[in-house]
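Here are the chains, one letter per residue:
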Amino acid sequence: MGAEEQVTMFIMAVFPIYMAAFILYAVRAVKGPTIPDMVLAIDAMTFDLAAFLVVLSIFFKSPILIPVAIVLALWIYALDIYVAKYLEAREMGE
Amino acid sequence: MSEALYVYQSVGVLVPLLGGAAFALPLFTLVIKRKVFYDAYTAFFSLVALVLASYNYVLVRAEGKPLLYAFGGWPPPLGISYEVDEFSAVLGVLTASVMFLIVAYSLWYTRFMRGYEWYYTLLLGLETGLLGCLYTGDVFNLFVMLEVLSISAYALVAFYRSRPQAVEAAMKYGIIGATATTIYFIALVFIYGALGTLNMADIALKSRLITAGVGPISPFSNGLFGNAFIAASLAIALSLWAFTYKAALFPNHFWLPDAHPEAPTPVSAALSGLVVNVGVYAVVRFLYTLFGPKSFLISFRDAVMWALLVLGIASGLVGALLMAVQSDVKRLLAYSTVSHIGLIFMGLSIGTSSVSEDVATLGLTAALYHTVNHSVGKALLFMGVGVFINLLGTRDLDKLSGSGKLSPLVMGAVIVGFLQLMGAPPLGGFFSKLLLYQSLIEAGLIVPAVLVIAISAVSILGYLKVIYGLWAKPLKEAPKQVAGMAVPKTVVLVMAVACIALGVLSPMVTGLLAGSINASFTDSGVRDYVNSFMSFAIYVVKYLGGG
Amino acid sequence: MPSYETFVMGVLAILGLVSMVAAILAILERDLVKAVIFSAIQSTAYAFMYYLLMAPDIALVYIPVAIGLYPAVVLFLIKKTERYEGD
Amino acid sequence: MAININSYLFTVLTLAIFMNLAISLYGIFARPSLIKKIIALTILADTANTLAIMVGYRGWPSPSQPVKPPVLTVLKPSREVIKEFASTSVDPLPQALVLTAIVIGLAVTLFLVFLTLQIYRLYGTTDVRKVAKLRG
Amino acid sequence: MDVLNNVLIVIGEIMVAVGAVADLIASTGMNRFPNFFVRLHAATVGTIWGAFVPLIGASLISIGADFLGPYRYFAAGGAVVTAVLVLILAPAGSHALARAAHRSRAARVFPKVVDHLEEDRGGSDA
Amino acid sequence: MGRWQKVVITASMVAFVALLALALSAGGLGFTLPAGRVRDVARWYLFTTFNPDLELFSAMAPEGVTSIVWDYRGLDTLFETAVFFLAIIGSVAIMRDIKTGGGSKPKGSTGLSPIVKTVTRITVGIILAVAASIALHGHLTPGGGFQGGATAAVAPLLILVIFSRYYIERLGVSKNAMLAIRSLGLVGIAVTAFIVLAVTSLQGGVAYVFQNQPKPYAPAGMPYEVGGSLTGGTLLLFNIFEMFAVSAGFTIIFLLLAIPESEVLGVLRGGEDGH
Amino acid sequence: MSRAVRAVGPGLLAFVVYIVFSGSVNTYNIVTGVVVAAVVGFLTANITVSNPGKLGEVGRLGWLIAYAIRYFFIDEVRAHVDVMRRIVHPRMPINPGIVRVPYAVSSDYAMTTIANSITNTPGTVVVDVDTERKVFYVHWIDVKGVEPEVTRGISRVFEFFASRIFD
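Chains as they are written, first to last, in my numbering: chain V, 1 to 94; chain D, 1 to 547; chain L, 1 to 87; chain E, 1 to 136; chain S, 1 to 126; chain A, 1 to 275; chain C, 1 to 167.
Be aware that a few hints might be false.
To be verified - Computed spacing ranges between beta-carbons, pair by pair:
(1) Leu464(D) <-> Asp97(A): 40 to 46 Å
(2) Glu119(S) <-> Phe254(D): 56 to 62 Å
(3) Leu54(A) <-> Asn46(C): 47 to 53 Å
(4) Ile538(D) <-> Arg129(E): 55 to 61 Å
(5) Arg30(L) <-> Asp142(C): 35 to 41 Å
(6) Phe254(D) <-> Lys130(E): 15 to 21 Å
It is worth saying that the hints were derived from the structure and are not from the lab. This structure is a prediction, so every number in the text was calculated from the model and none was measured. Cβ atoms here follow ideal geometry from the backbone N, Cα and C, with glycine treated the same way.
With these hints in hand, go ahead and build the complete structure from the sequences.
Quick look at the structure:
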C-alpha cells in the first residue's frame, strides 16, 4: 500500500469522527441557551473546522486549499471579539 | 488586421472612463475645496460621454452592423464584449444628452448644497450604470451594471438624509431592488446552466439554432446542458420580474411614487426619464434579441407578451388614475411615469408570434418613440417644476400656486412638457401615441388601442390641474431668490425646443427610429447582431486552428 | 459501493440540512443578536460547502464577508438601534 | 437510471438550498424588522451564489480521484498536464461570477445598513409597520 | 528519505487521530456541561488538542507526502501559521467571551464553589 | 399587515419553490447529479488560463478564477469595485459633515481586557503579512486582491473594537486618509485597465481595454514573467491596488459605524433641507 | 526610539510569517516579502511596542524552547487527560468556581503569556484580570482551595518561564 493510498484511507477513517463532532457542536450552537454559549460553540466548531480543512486538503490532494483555514480562524476570532464587545460595552466604538 | 476585427475604441472606452472619473473625484476633495472645479469636472465628463455616445451612433449608422468591442481582446463568450446595435446607440445618445442637461441643471441646483462632491460622484456613477446597461453585450455584465445604476439611485434618493420620507423611500427601493437583482442572478444561473454561455449574441444564436433543428453550435460554447426549454423559460420569468421592477411596471411600481419625488430634483429627472428606460431596454433585449420570435421558446414567449400587455394596460390606468388625486407635484409626475411605462410596455408587447414582423417592429418603433418623448418631456417637467419648487421651498401644489408667474420662460417650457406628455398634436407625444394606437389596431388589438386613448384622456385631468395651479392661480408666497437662473432657463429651453422638434420633425424622427428598430429587431437585424459576434469568434477559431 | 465521492456528497447533504435549520431559525428568531449568530452558523456551513465544491476563492471571499463583516456590521447596527424584533 | 446514492445526496442538498431561498424570501417580505430583512437578504444572496457554484461542480472522474479547484499547480506545464488539469478541474466561470456577486451583495447590504440606521435616527424604530404609521 | 517521509506521515497521522478523538470528546462535553463557564474548558480541549495538534500533524503529513506535488511546502507553511494563530487567538477569544459574559451577566456562574470576581467587583458595575 | 397579505406572501413563496423544484425535477439545470464534464466555455478557460504552448491566446496565470476575474472578465470586476465604491460614497454621503474622531474621550479605561489588547499587538503584524501573501500570490494560488484586502481589514477592525475609536484615530487611520487610499487604489485599477491600450496607442498599434497578454490580432501585452517569477502581467497590479482599496473601504465602513449616536444626532438636528 | 528602529521587530516577524505562509523561498517571495515586511513594520511600529535589542539575546530563545517543550508535553497532556476524563465520566465530577490567582511579572507580554497559557490549559480559564492588583480571576473546573497559596499553583510554572523570556 503506497503512502498516498494509506493517507487517504486514514483520512477517510477520521472523517466521520470529525463530522460527528461538528454536528454535536452545531447542536450546542443552535440550542444556546445564552449568546456566549452559541458563540463559544461556533468558535470551537470553526477552529476544529479549520484544522479539518487542512486535513481535507491533503485528502483532496490540493494543497492550495490551505488559505481558507487561516482566514476562517482569523475571522472567527473577530466574531468572538465583537460579540464580546457587544455584550460588554455601551458603544461599539468606545 | 482583418476588417471584421476593426476596434471601435469609442465603444469600449466610454463606460470605463466614466467609472474612472467617478473613482478619482473623492481624491480631489482632499485637495481642492472650490465648487467650480467639481462643476467643471462633472460637466466635462458628461460632455465627453455625450460626444462619444453620439459618435457611436454615427459609427453604427455608418458601419451598418452592430459594433462589437471585446474587452481584453478575448473573443466574446470567453470575455465580456460590448455590442452596440442601433437600438442601444439611440438610447445611449438619449441618455447621454439628457444626462448632460441634468448635470448642467445640477450646477445651478447644487449652489447651496452641502456634500455636493458626493452628489456629483453618485451622479457620475449613475451615468456609468445607465450607459453600461445599454451598451453591454453580456447578461452578467448587465447584472453588474444594473447594480451600479441601482446603488447610485438608492444613494441619491436618500441624499437628503434628514428627511424621513426620503430615507424610507430609499430603503423600500433598495431592499426590494436588491432582491430583484438577486433574482436576476438566479435567472443567470439558469441561463448559464442550460445554455452554457453568458453572451447575449451567443444566447440568441443558440436559441435560434435549436428552433431550426440544427444542433447548437457556437465557436466557444458548444452544446446544451439539461432541459434548456424549462431552464430558459424560468430564466425569462425570473429576469422579467427584476426588469419590470426596475421599469416600475404595475404590480412592481409601488416604490416609484415614493422614491422618485424624494430625490433631489435633477435626480428625479434622471430616475423618471432615464433609469426606468433601462428596464424597458432589458425587456426588449431579452424578448426580441435573446429569445426572439424565432427562438425555441415561442409559446412561452407569447404568454409572456400577453401578460406584459395586460400589465401595461393596468399600469397605464393605475398611474393615470392615481395621478389625478395627488397634491404633491413631484409625486404626480412620478405617477405619470408609471402610466407612461404602461404605454411603452403595451407597444413592446405587440410582437407575439401571431403578428407579422412589420407590425411587431411598428409597435417597437412606437415604444421607442414614446420612450424618447417621455424621457425628454419628463426630465423637462421635473427640472422646470423643480425651479419653482426650489424657489418656493415646497412641493405642495397649493403652495406653489401661481409660481409660474415668477418666470414665464420656464413656465412656457413646463407647459410644452405637459403638452408633450398629454399628447397634444404638434408635439412628439401626440405622434408616438398615434403610432402606438395605429400599431395596436394593426395587430388587431382593438380594446387595448381604445384603452390607450382612455389612459391619455384620464391623465389629462392631472396635467391640467398642475398647469392651472401653476399658471392661472395667484401667487401666494414670495420667492427666496429669483436672480441667477440663466443655467436652468437655458436647460429647460433646450429641452422644450427638443420636445417641439420631436413633434414637428415627427416624420423624420419616426423614420430614423423605425430604421433603428428595423436594423436591430427584424430577423435580419438579429442575424446581424449574431454575425458581429460570430465573425470575431470565427476569426479566432481559424487562427487557433491554423496555429 | 460507497466511494470517496459518497462521503463528500454526504457531507454536502448534511451541510445543506444544517444551513437550512440555521436559516429557518435565523428568520424566525425574535432576538436579533441570536438571529445574527444563526446566520453565522449558516454562513459557516456554506463556507464549508464552497470548500467541498472546490471553490477556495469563493470560500476566501465568503468567509470575511459573511462570517466576518455581516455579523459585525449588523451587531454594530443592533447596538445602535434595537435588539428585539417587534411583534 | 438506477437510483444512485450520490445523486440522492446531491438532491438533498439542492432541496435544502431551495428551502433556504424560500425562507429568506419569506424573511424579506413578511418580517417587520428592517434588520431582519437585511439578514434575510444576505441569506438570499448567499443561497443564489451557492446555486451558481453547484452548477459549476462536476462529477468525479473516478471514485478515488477527486476533482480539483481550477488552479494549475504545475508552473511549467506540458500539454498532458494541461489536458489532465482540464479534465479534473471544476468550472471556474461560476466561481468568478459568484465572487463578483458576493462583493456586490456586500456593497448593497452595507448601504442598506446605513439607511436602516438613518431610519432609526429619524423615526426611532426599525419596524416597518411603525414607520409606515409615523410617516402619515 | 522515503523512511523519513513515512515516519513524518505516521507521526502526523497520530496527531490528527488524537485531534479527532479530542474533538469528539470536547463536543460531547460542550453538550454535557451545565453552564457557559464550564463549557469553556471543553472548548479549550477542542481548540488545543482538537485543532492545534492536528494542524501540526497535517503540516508534518504534507511535508512527508510526495504525492501532493510542488505546493506541499505551501500547505505545510500554511498549516503552521494557522496553528500558531490558533494557539494565540483561541485563548484570547475565550477569555474575551468569558469576561464579557461575566460582566454583562449574560451567563450565570452556577453551579459554583466560589466567585472571587463577583466579590471583588462588589456587584456594582457591569 | 393584514392576514390575507400574509397568506398571499406565503402562497407565492410556496409557488416559487414549487417552480424551482419543478425545474429541478425536470432536469432544467441538468444537475440532479453533477455531470462528469464541464461546459465548453469552461474547458476553454481551463485550457487557456496558463498555456505556454498557446502563447498568443493565454491569460498566463495558473489561477483560473483570478484570471477570469481580472483578465477574461475584467470589466465585471472593475464595476463590481465601482458598486462597492458607490455604496461607500453613499454611506459617506449619509454621514456627511460628521467627524469620525469627534467627541471627548471618556475617563477610565476603554476597550476590552489588557490580555486581548496585547494579543492584538502581536497578531496584527501576522494578519497583515498573511493578507499580503494572499493578495500577492493571487495569480498563483487561491486568493487575490479582494480576498487579501478583506483579510487585511481584520486588523483595523480588531484595533477599533478592542482598543477604541480614539486609539485608531491617533494611529492616523481617519476617514479622509482611508478615502484617499481607497480612491488611489481604484484609480490605480482604472489606470491599469487602460495601460496597455495607452502605451500601444501611442506607438500606433492596436490594443483593447483590459488587455493583459498579447492576442493574435492585438500583439501587445504585459510581461507575464519578471526575472523568472510569474507575475501574471496586469493581474499582480490589479491585486495590489484592489487589496489597498478593499481594506481601506472596509475600514471606512467601520469608522463610520463606530461614531456614537449622540454625535450624529447633534449634527442632524442642525438640519438641512432640499427638494 | 525612532519609528524605523521599532519597525524592525514586527517587520522581521511579518517577513518570517510571509515566507512560511508562502511555503517556498524564491526571488519573487523574497522581494515581495521584504517590501511587505517594510510596510507592515512601518504600519505596526506604533502598535507593537517592542525592544529590538531583546531579539538578539539567545538565552531568551532557549528559555522559550524549553518552555514550549515542557508546556506541550507535560502540562497540556496532564490537563487534557484530566478534563477529557471528566467529560466522559458518567457522573461528570466537576467542582467549578472563580478564584483569584496572583501573579508577579511586570510586562504586558509576560502577563499575556501567562494568561494565555492558563486559558490554553483545559480546566482553567482566565475570566478577568486586574492589572493594578496583579490578580487573574480564573475559572477553575475543580477548585482545590481558595487560598492564594493553592491557587498560585495554577500559574507557578508559567510565571517562572514567562519572567525569564520577557522580563
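Now the hints, each set against the structure:
no. : hint                                : result
1   : Leu464(D) <-> Asp97(A): 40 to 46 Å  : holds (43 Å)
2   : Glu119(S) <-> Phe254(D): 56 to 62 Å : holds (60 Å)
3   : Leu54(A) <-> Asn46(C): 47 to 53 Å   : holds (50 Å)
4   : Ile538(D) <-> Arg129(E): 55 to 61 Å : holds (59 Å)
5   : Arg30(L) <-> Asp142(C): 35 to 41 Å  : holds (38 Å)
6   : Phe254(D) <-> Lys130(E): 15 to 21 Å : holds (19 Å)
Comparing the model with each earlier hint shows no violations; every hint is respected.
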